[in-house]
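Given these sequences and hints, build the entire structure.
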Amino acid sequence: KHPLPLERPFWFAQAPRSSKKSPKSVCEGCQRVISDRFLLRLNDSLWHEQCVQCASCKEPLETTCFYRDKKLYCKLDYEKLFAVKCGGCFEGIAPSEFVMRAQKSVYHLSCFCCCVCERRLQKGDEFVLKEGQLLCKSDYEKERELLSLVSPALSDSGKGEPGAERSLWPVLWGVSPGPRRNMPDYCY
1 KHPLPLERPF WFAQAPRSSK KSPKSVCEGC QRVISDRFLL RLNDSLWHEQ CVQCASCKEP
61 LETTCFYRDK KLYCKLDYEK LFAVKCGGCF EGIAPSEFVM RAQKSVYHLS CFCCCVCERR
121 LQKGDEFVLK EGQLLCKSDY EKERELLSLV SPALSDSGKG EPGAERSLWP VLWGVSPGPR
181 RNMPDYCY
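The opening residue of the sequence shown carries number 1 in the UniProt record's numbering; numbering runs sequentially from there.
Watch out, some of these pointers could steer you wrong.
[To be verified] In the DSS-like style, the derived pairs of lysine-lysine whose C-alpha atoms are separated by at most 25 Å in a straight line are:
| hint | residue 1 | residue 2 |
| --- | --- | --- |
| 1 | 58 | 75 |
| 2 | 104 | 130 |
| 3 | 58 | 80 |
| 4 | 123 | 137 |
| 5 | 58 | 71 |
| 6 | 104 | 123 |
| 7 | 130 | 142 |
| 8 | 71 | 85 |
| 9 | 71 | 24 |
| 10 | 104 | 137 |
| 11 | 85 | 104 |
| 12 | 75 | 85 |
| 13 | 80 | 70 |
| 14 | 123 | 85 |
| 15 | 123 | 142 |
| 16 | 130 | 85 |
| 17 | 70 | 24 |
| 18 | 85 | 70 |
| 19 | 70 | 58 |
| 20 | 104 | 80 |
[Claimed, not checked] Taking CB as the label site, the calculated pair distances span:
| hint | residue 1 | residue 2 | range |
| --- | --- | --- | --- |
| 21 | 137 | 26 | 22 to 32 Å |
| 22 | 110 | 30 | 43 to 53 Å |
| 23 | 117 | 79 | 43 to 53 Å |
| 24 | 83 | 103 | 14 to 24 Å |
Think of the hints as simulated: they come from the structure by calculation, not from any bench.
Being a predicted model, the structure only gives us computed values, none of them experimental.
A virtual CB, placed ideally from N, CA and C, is assigned to each residue, including glycine.
See the structure below:
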């Protein structure tokens, strides 16, 4: 299920009077029958008032909550647990922010830079993703040249083993497509 931010998430409702034929209301939080006079309705689920609390910090949720995998969260804990993290600074990325992507990693615009020279990579720049770090083409080629001086197996002279570079450095070449919004697979 997709997480839902709920600005006015709770509606108090009078519990339906149960008869022998009607099913009893069951709380989504504790899975026990709701026998209270009033209950809370959240989307299509019913809750005891005391069960409407953050699944992580256990604080009561009074005005806003986030719902994911049949659990409720406060905004702070939801963001800590489920927010998309930047591949550069490892901080959360808001859904409205513009981002750069490389392979499966997502970066703040300011974090999408070469790990050697710290130059910010722009739209159309060639880069390498090496062991999870971004390198501009220039720094990658310098590093490769230095390494080939130390280890001739990595030179382009044909003397080294084919594929030796690949086995030492898992590398992904890319061309920066330019910034786009961090649109997650779910709706906020």
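Pairwise hint evaluation, residue 85 against residue 71, where the allowed Cα distance is 25 Å at most: holds, 21 Å
Proposed proximity, residue 137 with residue 104 (alpha carbon, max 25 Å): Given pair residue 104, residue 137 holds - Cα atoms ~20 Å apart, limit 25 Å.
Restraint check for residue 104 with residue 123, where alpha carbons must lie at most 25 Å apart: This hinted pair holds, its Cα atoms lying about 18 Å apart.
25 Å limit on alpha-carbon distance, applied to hinted pair residue 130 and residue 142: holds, 14 Å
Hint consistency between residue 58 and residue 71 [alpha-carbon to alpha-carbon, up to 25 Å]: Holds, because 11 Å separates the two Cα atoms, which is no more than 25 Å.
Restraint status (C-alpha distance of residue 123 to residue 137 at most 25 Å): Holds, at about 14 Å.
25 Å Cα cutoff - pair residue 85, residue 104: holds, 11 Å
Proposed proximity, residue 58 with residue 70 (alpha carbon, max 25 Å): holds, 15 Å
Hinted pair residue 130 and residue 85, Cα distance within 25 Å: holds, 19 Å
Distance restraint between residue 70 and residue 24, which requires alpha-carbon spacing of 25 Å or less: holds, 19 Å
25 Å limit on alpha-carbon distance, applied to hinted pair residue 58 and residue 75: Within the cut-off at roughly 13 Å; holds.
Range hint compliance [Cβ, residue 117 to residue 79, 43 to 53 Å]: Since residue 117 and residue 79 have Cβ atoms about 32 Å apart, the given range 43 to 53 Å is violated.
Figure legend: structure checked against the earlier numbered hints; hints not met, in rising order: 21 and 23.
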